[in-house]
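Protein chains: 2
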Amino acid sequence: MTGWIQHSRLNNKFILLRDKTGHVQLIADRIDEDAFKPLKNANLESSICIEGTVIPRPEGQANSKIATGLIEVQVDSVKVVNPARSNLPFYIKPFNQANEALRLKYRYLDLRHIWMQNNLKMRSDITLKMRNFLADNGFTEVETPSLFRRTPGGAREFIVPTHVEGQFYSLVQSPQQFKQLLMAGGLGKYFQIARCYRDEGSRPDRQPEFTQVDIELAFSNCERIQTLIEELLRSCWPDSRAIPSEPFPRLTYQDCMEKYGTDKPDLRFDNQIQHVSPSIMALGFEKSQFAEEISKSSGRAIEKLVKNQFPGVIVSYFEKTIENTVICSASKFLPADARLSGDLGVITVSEDKNASLSALGKVRQIMSENYLVTKENDLKFCWVVDFPLFLPKENGQSGLQSAHHPFTRPHDEDIDLLETEPEKIRGQHYDLVLNGQEIGGGSIRIHESHVQKLVLEEILKEDTTELDHMIEALNSGCPPHGGIALGLDRLVAIICKARSIRDVIAFPKTTGGKDLMSGSPAEIKKEDKDFYHIK
Amino acid sequence: MTGWIQHSRLNNKFILLRDKTGHVQLIADRIDEDAFKPLKNANLESSICIEGTVIPRPEGQANSKIATGLIEVQVDSVKVVNPARSNLPFYIKPFNQANEALRLKYRYLDLRHIWMQNNLKMRSDITLKMRNFLADNGFTEVETPSLFRRTPGGAREFIVPTHVEGQFYSLVQSPQQFKQLLMAGGLGKYFQIARCYRDEGSRPDRQPEFTQVDIELAFSNCERIQTLIEELLRSCWPDSRAIPSEPFPRLTYQDCMEKYGTDKPDLRFDNQIQHVSPSIMALGFEKSQFAEEISKSSGRAIEKLVKNQFPGVIVSYFEKTIENTVICSASKFLPADARLSGDLGVITVSEDKNASLSALGKVRQIMSENYLVTKENDLKFCWVVDFPLFLPKENGQSGLQSAHHPFTRPHDEDIDLLETEPEKIRGQHYDLVLNGQEIGGGSIRIHESHVQKLVLEEILKEDTTELDHMIEALNSGCPPHGGIALGLDRLVAIICKARSIRDVIAFPKTTGGKDLMSGSPAEIKKEDKDFYHIK
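Each protein sequence line maps, in turn, to chains B and Z. For the first sequence, our numbering assigns the number 1 to the initial residue and increments by one for each residue that follows. For the second sequence, our numbering assigns the number 1 to the initial residue and increments by one for each residue that follows.
Everything labelled a hint here was simulated from the structure, so no lab data went into it. Note that the structure is predicted; figures quoted are calculated from it, not measured. Don't take each hint at face value.
Derived lysine-lysine pairs resembling BS3-like cross-links, with alpha carbons at most 30 Å apart [stated by the list, open to error]: (1) B/K535 with Z/K514; (2) Z/K461 with B/K105; (3) Z/K393 with B/K525; (4) Z/K375 with Z/K65; (5) B/K320 with B/K307; (6) Z/K40 with B/K453; (7) B/K514 with Z/K526; (8) B/K304 with B/K320; (9) B/K287 with B/K393; (10) Z/K121 with B/K129; (11) B/K105 with B/K497; (12) Z/K287 with Z/K304; (13) Z/K525 with B/K514; (14) Z/K525 with B/K529; (15) Z/K93 with Z/K40; (16) Z/K264 with Z/K393; (17) Z/K453 with B/K525; (18) B/K497 with B/K129; (19) Z/K525 with B/K461.
Pulled a few chain B residues facing chain Z out of the computed Cβ check, cut under 10 Å [as the list claims (entries may be wrong)]: (20) R85; (21) R107; (22) L109; (23) A135; (24) N475; (25) C478; (26) P479.
Glycine residues also receive a C-beta, built at the ideal position from the N, C-alpha and C atoms.
Please work from the sequences and hints to get the whole structure.
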């Protein structure tokens with residue numbers, strides 16, 4: 001038996017041995033002093049190997065609550081195979097965890113925690129089940145390159161200099177182009193559990209490299225892809241009963257915004273936005289939804305938080321009296337006959353409908369994260385569909401940009417609007433949302449080269465030379481196709497009930513992109529700089 | 001039924017439809033002219049969708065040699081779902097393949113070849129079988145980062161600039177450090193099918209990014225790891241009967257060099273190097289080993305080729321007469337009583353034993369690749385063991401370098417030589433060789449921090465600050481461990497009988513590291529250069 005010394009009481013030759021599955025008590029009172037000596041001198045966390053006999057614990061010491069609670073091991077021989085130094089930066093305890101920076105710097109110690117072992121095991125199990133499910137359904141896993149070239153639009157991509165001055169690879173932000181090229185290549189059904197890269201700076205709970213479950217298939221449609229993903233999730237979920245057996249609800253983007261003020265609605269709560277009048281909306285909650293009574297000051301705090309993010313919107317906390325009268329600092333705006341549902345909540349007043357909706361979406365999110373009671377295994381999936389294909393450019397620039405990416409196919413009914421009113425077109429895009437978090441997104445792609453050219457050149461005003469190979473590929477008899485990508489880190493984190501995706505990644509980087517363990521990123525040698533023409 | 005128009009004879013409404021599994025004949029003589037028109041106008045390689053009835057071929061037209069040779073499809077309706085342009089750069093034919101540059105530029109067309117579809121499918125099947133085998137044996141697949149920091153020694157690593165001036169990631173050349181850190185982290189049994197990166201310039205049949213099957217276990221030994229890999233290969237080989245059921249032979253490095261002149265011996269041929277005298281060696285072949293009679297000029301050509309690579313070695317072709325007399329231009333060096341085995345071959349004369357051995361190793365390789373008959377499914381695996389741990393530095397520098405990497409553990413018997421005669425130490429390293437190609441390599445690693453420090457600081461003279469985290473990890477009760485990495489691209493290429501690893505990679509780069517399809521690497525925008533502080 002091998003493991004680490006978790007705890008010891010040397011006076012009575014008691015050792016608590018830990019391995020990746022749990023703990024066991026060792027009693028070493030029958031081996032002689034010389035044989036015991038190395039163990040006596042070994043620090044906690046030393047790696048040891050013992051032989052012994054499993055015996056029942058003495059009467060009164062049994063603990064039926066833990067797996068090894070009824071037994072202990074009478075040690076016959078022991079070897080300290082690799083001693084640990086004294087004063088490790090932290091020890092492996094169920095409580096009193098070290099702060100995250102220390103955990104990341106000494107990740108090899110942190111990984112010894114049983115919950116970290118379980119998270120990694122769970123991740124491995126889930127991906128293997130996914131692979132087997134997809135293979136059983138006729139999919140081929142194909143590895144696509146990560147050293148690629150710049151993709152117009154989208155996230156900032158890391159660059160990789162080559163020894164030829166001025167020539168750079170870019171690290172792929174997703175296998176999007178490759179999977180479509182595989183469809184042109186006749187692959188039919190593709191998947192990959194793919195590493196992707198985005199240089200998004202310091203966004204919380206994002207990593208510069210992340211993993212997505214990437215799927216594409218020819219001759220399919222939105223409905224069939226959504227059903228496939230529902231079955232995929234059922235096949236890999238540790239407790240498949242937790243997932244509803246009926247199809248996940250499909251909500252239109254428009255509906256989501258009107259009812260929940262977000263395209264990632266948390267459906268564990270019914271609470272929908274109430275449209276009191278064109279400029280007044282409300283979001284109410286029942287007192288029974290709260291874990292404990294919410295104070296007026298919490299209400300005011302939410303009011304203030306949201307107000308700051310939506311400066312043009314009047315946000316006001318309301319509460320109902322026993323007589324059902326609404327008490328609200330902005331009550332002068334409320335019509336006399338306004339009937340707000342919910343015991344308490346927030347009203348917004350604004351001429352800007354979208355701002356009001358987003359503000360109340362934010363209130364819903366804050367409430368669900370901080371105050372509302374959720375059932376532990378409550379999984380509320382939904383598909384959000386019918387997104388607009390294009391959105392106005394950000395930062396006040398004129399023109400349109402893709403809501404998702406330039407390869408998304410317009411709704412069949414809307415395709416005629418391409419040359420006239422592109423801003424009205426709905427895309428054949430679908431997002432998968434679980435408990436208010438986006439865990440995947442996909443679309444049917446444009447397969448006609450002339451449509452793709454029109455979108456890129458006429459609407460998005462992109463230089464298509466960087467995408468010539470895509471247009472050429474569509475123009476060589478590429479079958480119609482579509483697909484999806486699921487965010488594996490997020491999905492596994494939800495399944496493991498982890499607080500952060502960093503708890504389901506073996507060696508994550510900090511929010512700032514640093515590997516605290518190895519000290520990466522780091523300086524490089526001058527000769528490497530010279531080789532890659534870095535000044 | 002969906003597929004591509006492979007061939008058509010429009011006068012008699014005959015279409016050959018291709019999908020990823022093969023071909024089928026379509027007869028469209030029962031649909032009316034209007035319905036047939038789109039098909040008539042469609043170019044070859046257009047993507048079509050048909051409905052029809054499977055019927056037997058007319059008498060005399062059956063072809064029992066192909067899977068669909070007994071039937072054809074009577075077309076009821078047809079839709080051209082995406083037409084191909086005319087004059088595609090090449091068409092999908094079993095023979096007359098386009099040159100590789102064209103195949104790579106239009107990879108999406110090239111992938112439509114059935115053998116490419118089969119290669120990708122085979123790769124997907126093999127990796128899934130490997131994953132299932134390893135999971136069944138208690139291994140956890142862990143994804144480790146590719147954005148890392150410079151590793152001292154080893155291959156040239158790509159660098160990835162960050163937005164902080166002077167700070168760079170390096171792309172991992174292998175997960176070596178991470179897998180050892182996972183062992184320190186108590187994972188026990190790790191694997192990963194891992195993307196790795198090396199900037200090795202223009203080496204034929206190498207790729208800047210490649211895939212390895214990466215494995216590491218705690219508390220193991222060479223023998224157990226070798227057995228595990230033998231079982232792994234049997235579990236994933238398409239025809240497991242092709243692999244011997246008994247353990248693969250273990251050859252020492254010393255033996256390999258003396259007998260085969262290489263540490264990657266091709267054991268499909270017995271032919272061993274004959275040590276005639278300390279300065280004369282020979283390698284002979286039987287005439288029966290050749291596919292066709294080998295001419296004297298071929299012999300001279302080999303002689304010349306090898307001579308050029310080993311300038312200090314006299315290389316001379318020999319042939320035996322019917323009377324068993326050796327005819328050889330260097331026969332004056334041969335002792336009168338020399339009995340060379342083989343009907344013909346090469347002798348070398350040199351005071352430099354190693355140069356002679358390597359020259360004859362090269363002769364063996366040229367012969368096996370070009371002249372000798374091999375049985376199609378002959379798989380000759382072997383393990384090469386007992387490599388020297390250190391080698392003299394290259395380029396005439398004084399001092400030692402690691403034969404493989406600095407984490408390899410010395411043989412237990414040799415460990416005392418570390419401080420006295422390190423050049424004599426054998427490492428616990430093992431290479432897996434198949435038919436003369438190295439398909440994997442691994443070792444037991446150093447688990448004691450003081451030994452690792454000694455190797456790095458005293459013998460290799462490396463700056464250990466870049467490896468502090470490794471030494472710290474060993475010093476925190478890291479269990480003994482070892483592992484291996486198999487080259488997946490090469491392994492799959494051998495299984496698929498592909499001419500190059502590029503034929504088992506969906507989107508490979510050229511020898512010069514270029515993606516001819518997308519034109520990567522490419523120039524980047526000035527704003528990206530500025531962001532990453534590139535001049």
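*Find the hints from earlier in the document that the structure breaks and name them by number, from lowest to highest.*
9
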